[in-house]
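Input sequences plus hints: build the corresponding full structure.
Listed below are the residues making up each chain.
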Amino acid sequence: KNEVEQSPQNLTAQEGEFITINCSYSVGISALHWLQQHPGGGIVSLFMLSSGKKKHGRLIATINIQEKHSSLHITASHPRDSAVYICAVRRETSGSRLTFGEGTQLTVNP
Amino acid sequence: DTEVTQTPKHLVMGMTNKKSLKCEQHMGHRAMYWYKQKAKKPPELMFVYSYEKLSINESVPSRFSPECPNSSLLNLHLHALQPEDSALYLCASSGGLGVYEQYFGPGTRLTVT
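Chains L and R are the protein sequences, given in the same order. Residue 2 is where the first sequence starts when you use the working numbering, and the numbers rise one by one after that. Residue 6 is where the second sequence starts when you use the working numbering, and the numbers rise one by one after that.
Hint data in this document are derived by calculation from the structure and do not stem from the laboratory. Hints are all accurate, no fakes.
Stretch by stretch, here's where chain L covers chain R in the computed footprint (C-beta under 8 Å, at least three residues):
(1) 47-59
(2) 90-100
Dumping the calculated DSS-like pairs for lysine-lysine here, alpha-carbon to alpha-carbon at most 27 Å:
(3) R/Lys27 <-> R/Lys46
(4) R/Lys45 <-> R/Lys14
(5) L/Lys56 <-> L/Lys69
(6) L/Lys69 <-> R/Lys46
(7) R/Lys45 <-> L/Lys69
(8) R/Lys58 <-> R/Lys24
With the Cβ distance kept under 7 Å, some of the chain R side facing chain L (calculated, not the full set):
(9) Val104
(10) Glu106
(11) Phe109
(12) Pro111
(13) Gly112
By construction, the Cβ of each residue, glycine as well, lies at the ideal position given by its N, Cα and C atoms.
Structure, rendered in structure tokens:
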């Protein structure tokens, strides 16, 4: 079993819909990262969380440390949000290493 | 400037060639990373440099040779690669080895023929 599990693996939405991507992990962590990767490669860091909730524009990330669970929400989704969203955790004992989830492929149709 | 740059964007090389990938950041970050990413898979960590010294080598074959000439620059020297080494190579940097955000470059798409 992977230490970081994301769901769903694939998600298709209509423009304007509210989207939730989930991440569960099984190890003690010092931080959790949400990353976005568009086709063609480059990865953008969306959030780094160690507790609570963060918001940036239409994106909201929450984390529940006790339940070892995080969610990424996208409000008023747009086709340009189509990308792979990756959850990654920094284990308490791993220094700078990130443990990545397998990613969620999001497609937002106009 | 929150940008990590990588050159070249694309590289095609034969198995007997020697080539280098270059990564640069001007954010004053003290940690720099090389990742390898195969299609539809998450990135795999290869190397970590901290204060220009190699901190982590994830048992990467010696045909990949990293170099950190100064705090802004990270190279990956490639020699005698195999077709299975074809992948997207991503560079990242962070403020240090602690709990910092990692900033990724756009990657170099490498094809080994």
